[in-house]
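Enquirer: What follows is each chain in one-letter form.
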Amino acid sequence: MSHPDPARQAPPDPALDGVMIRLEHISKTFPGSSIPAIGDLSLDFPRGEIVTLIGPSGCGKTTTLKLINRLIEPTSGRIQVDGKDALEIEPHILRLGIGYVIQQVGLFPHRTIRQNIATVPGLLGWDRSRTEQRVDELIQLVGLDPTMADRFPPELSGGQQQRVGVARALAADPPVLLMDEPFGAVDPIVRNHLQDELLRLQEHLQKTVVFVTHDIDEAIKLGDKMALLNVGGVLEQFGKPEEILREPADEFVNRFIGGERGLKRLALITLAEIELDPGPIVSPPVDEAEARIVMEKHGTNWVGVVSNGNLLGWVWASDFGKREPLEERIQWFKVKLAPTNTLRQALDEIITSRTQVAVVCEGDRYLGMTTLEQIRAAVAR
Amino acid sequence: MIMSFADAAGQPLILWSWVRGHGGLIFSLLLQHILLTGIAVAIGSAISLFLAILSVRYRRAYAPVTWLTGIMYTIPSIALFGFLVPLTGYTILSAEIGLVSYTLLILIRNIVAGIDGVPAEVREAAVAMGYRPVRLLLQIELPIALPTIVAGLRIATVTTIGLVTITSLITYGGLGRLILEGLQGFFPTKVVVGSVLSILLAATTDAAFVLLGRTLTPWARRKAATA
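Residue numbers (my numbering), protein chains in the order written: chain A, 1 to 381; chain B, 1 to 227.
These are computed hints drawn from the structure, not numbers from a lab.
Please read all numbers here as calculations on a predicted model, not as lab measurements.
Hints are supplied without guarantee of correctness; some may be wrong.
Unchecked claim - If you only want the chain B side, here are some residues facing chain A, beta carbon under 10 Å, derived:
1. Thr-66
2. Trp-67
3. Glu-121
4. Glu-124
5. Val-127
6. Ala-128
7. Arg-135
8. Ile-140
9. Leu-146
10. Leu-212
11. Gly-213
12. Arg-214
13. Thr-217
14. Pro-218
Unchecked claim - Far from chain B, some chain A residues (derived; all Cβ distances over 12 Å):
15. Glu-90
16. Gln-104
17. Pro-153
18. Gln-202
19. Val-335
As the list claims (entries may be wrong) - If you want the ones that stay clear, here's a sample from chain A, every Cβ over 10 Å from chain B, calculated:
20. Asp-17
21. His-25
22. Ser-27
23. Ala-37
24. Arg-47
25. Gly-83
26. Leu-96
27. Ile-102
28. Leu-123
29. Glu-132
30. Gly-232
31. Ala-272
For every residue, glycine included, the Cβ atom is placed at its ideal position computed from N, Cα and C.
Isolated chain A, as found in the complex (with noise of 0.2 Å):
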């Protein structure tokens, strides 16, 4: 039995350029309830980005996701997924095109590893060699053991087994992939690990991901788009999780949000996303008096020594005017962020360092550093 692959077919509708999936005007009422569990919900999901979907229990979260690929049927409106009208295509096709994972991973007991990963391909009738490769790549990409392809679920710890939930959604490459809260389960060490590959993996796979989850850290670390839904499938707010923070819309998404919104800000933007200062620096052989006068400008009791781009280190300035020359008390930056990191890493190291800056090299090369105004500064925009 063979399906057409739903990874090639037709390009989508013109008039969706950019959106992958498309809600509108949906509205579900389960079957003996008297309450629509979603009123009227329109929601455009863009291509290639991660949408986390959060809100308070019974805001339809999951069920908004489910639509998605059919596990459940709206009771009015249109759905669209790639262009094409969802409602129209044969469940088991629509689905064979969406990766599916959830909390409870949902790995099938009497399939190795390895056959886990081949579902899908199997479902396509993918010839044998395709397969296997594609399995080989897949336990590669999600960082499994590949010593663990042929033992059974139940032998993996659990955030080894979301590692194999994600590979065999993602094991025939579906432009779409929902996830239902798939780290809920596990403890927050792996949890933060499985959040960092997966934005990892999403830099080079641009999937469409919709990620619902009642974390709010997690929305707003993961999710290129956030929605927050209010009880009965209201859309309280939808955008950047950035723009959210800065401007809340209501008192809901205000305390939905919760405290330290300045703080979860600071988490979103990069170092690479502000204009770092050169600093109080001198180049080697260290001219005491220029020295003195950088440190003035920069109004610090240190100054920073950078040899042809590199950053050497610091000296205070209490060390000036001894006999051994300045270049032996350079004192080493023990952190170096790289532009990838936050502002949030950056203010942690300018509030526990000496220098009360935090210095940003990529590699080797001195890129800058920044102070609390810089961040504060930022934060302002």
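Given the coordinates of chain A, work out where chain B should sit on it, guided by the hints.
Expert: Chain B in isolation, oriented as in the chain A frame:
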């Protein structure tokens, strides 16, 4: 008062010369016993699989199915064969109808329990990846239910091996024939040979099913090992 055969007929419990002289007969009765059991369990499995899947898909069917097969299971075996003889005569058909009817309750319950035991998230994941009902049943639900199904088959088969001896009252009866003839003719050797062999057959079959279960479901064993 209990009267032993040895007392009654003045014979030893086992006459080895008779056993040596009737090896062919004993062997053919053993084969017959296995065949009667095999046919009953095979037909019983087919019917049970159908009724169990029907019960899983249409939940309302489950109560009447267990009610009916439960009644069949409750009827004492001699009484059931007594009912069947006026309808289907002293035939192998009567014997098999009786034997099959005793396997149904155990097999259906185990198949349904096995399929019900498939975790909801496993089923949901399968459906979400594009499985349709028939393939879901054949490739996911039944394989995961296999340990429970094999456990049911084991009980049903061992029970049937015991019941086959009773069918000697109306037809062939496998090793039961030896037991019956031995009882009627006050010849303990036949009783002993028939009883011992049917017990051995039941015990061997039981062990074979344990082994079969382990071979068919290596994953279930590993799960137990890590649990």
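Enquirer: None of the hints should be skipped; say for each whether it holds.
Expert: Tested hints:
At its closest, the beta carbon of B/Thr-66 sits 27 Å from a beta carbon of chain A; the interface hint therefore is violated under the 10 Å criterion. This hint is violated: B/Trp-67 has a C-beta 28 Å from the nearest C-beta of chain A, more than the 10 Å allowed. Of the supplied interface hints, the one on B/Glu-121 holds, with its beta-carbon coming within about 4 Å of a beta-carbon of chain A, less than 10 Å. A cut of 10 Å between beta carbons decides the hint on B/Glu-124: the least distance to chain A is about 6 Å, and the hint holds.
Below 10 Å, beta-carbon pairs count as interface contacts, and B/Val-127 has one with chain A at about 7 Å; its hint therefore holds. For B/Ala-128, the interface hint holds, the least distance from its beta-carbon to any beta-carbon of chain A being 4 Å, beneath 10 Å. Hint status for B/Arg-135 relative to chain A: holds, with the closest Cβ pair at about 8 Å, below 10 Å. Given the 10 Å rule on beta carbons, the hint for B/Ile-140 holds: about 6 Å separates it from the nearest Cβ of chain A.
Checking B/Leu-146 against chain A: minimum C-beta separation of about 7 Å stays under 10 Å; hint holds. Contact between B/Leu-212 and chain A, as hinted, is not supported at the beta carbon level, the nearest pair being about 16 Å apart and thus beyond 10 Å. Below 10 Å, beta-carbon pairs count as interface contacts, and B/Gly-213 has none with chain A, the closest being about 13 Å; its hint is therefore violated. Annotation: B/Arg-214 was flagged as interfacial toward chain A, and the flag is violated, the nearest CB pair being 14 Å apart, outside 10 Å.
The criterion of a C-beta within 10 Å of any C-beta in chain A is met by B/Thr-217, whose closest approach is roughly 7 Å, and the hint holds. Hint status for B/Pro-218: holds, given a least beta-carbon distance of 8 Å to chain A, under 10 Å. With a closest Cβ-Cβ approach of about 9 Å to chain B, A/Glu-90 is found to fall inside the 12 Å limit, against its non-interface label. Not every CB of chain B is more than 12 Å from the CB of A/Gln-104 (nearest about 4 Å), against its label as outside the interface.
For A/Pro-153, the condition that its CB be more than 12 Å from all CB atoms of chain B is violated, with the nearest at approximately 8 Å. The beta carbon of A/Gln-202 is kept farther than 12 Å from every beta carbon of chain B, the shortest such distance being approximately 20 Å. No Cβ of chain B approaches the Cβ of A/Val-335 within 12 Å, the least distance being about 41 Å, so the stated non-interface status holds. Interface exclusion of A/Asp-17 from chain B stands, the closest Cβ pair being 27 Å apart, more than 10 Å.
At roughly 24 Å, the least C-beta separation between A/His-25 and chain B is larger than 10 Å, which holds for a residue marked as non-interface. Here A/Ser-27 stays apart from chain B, with its beta-carbon at least about 22 Å from theirs, past the 10 Å limit. Every C-beta of chain B lies more than 10 Å from that of A/Ala-37, the closest at about 18 Å, which supports listing it as non-interface. With a least CB separation of 21 Å from chain B, A/Arg-47 remains clear of the 10 Å interface cut-off, as annotated.
Non-interface status of A/Gly-83 relative to chain B is upheld: no Cβ of that chain comes within 10 Å, the nearest being about 20 Å off. Interface exclusion of A/Leu-96 from chain B breaks down, the closest Cβ pair being 4 Å apart, not more than 10 Å. Look at A/Ile-102: its CB is around 6 Å from the nearest CB on chain B, not clear of 10 Å, so calling it non-interface is violated. With 10 Å as the threshold on Cβ separation, the claim that A/Leu-123 sits away from chain B is violated: the shortest Cβ distance comes to roughly 5 Å.
Distance to chain B confirms A/Glu-132 as a non-interface residue, since its nearest Cβ pair spans about 19 Å, more than 10 Å. The non-interface label for A/Gly-232 is consistent with chain B: the shortest C-beta to C-beta separation is roughly 24 Å, beyond 10 Å. Consistency note on A/Ala-272: stated as away from chain B, and its beta-carbon is indeed over 10 Å from all of that chain's, at 38 Å minimum.
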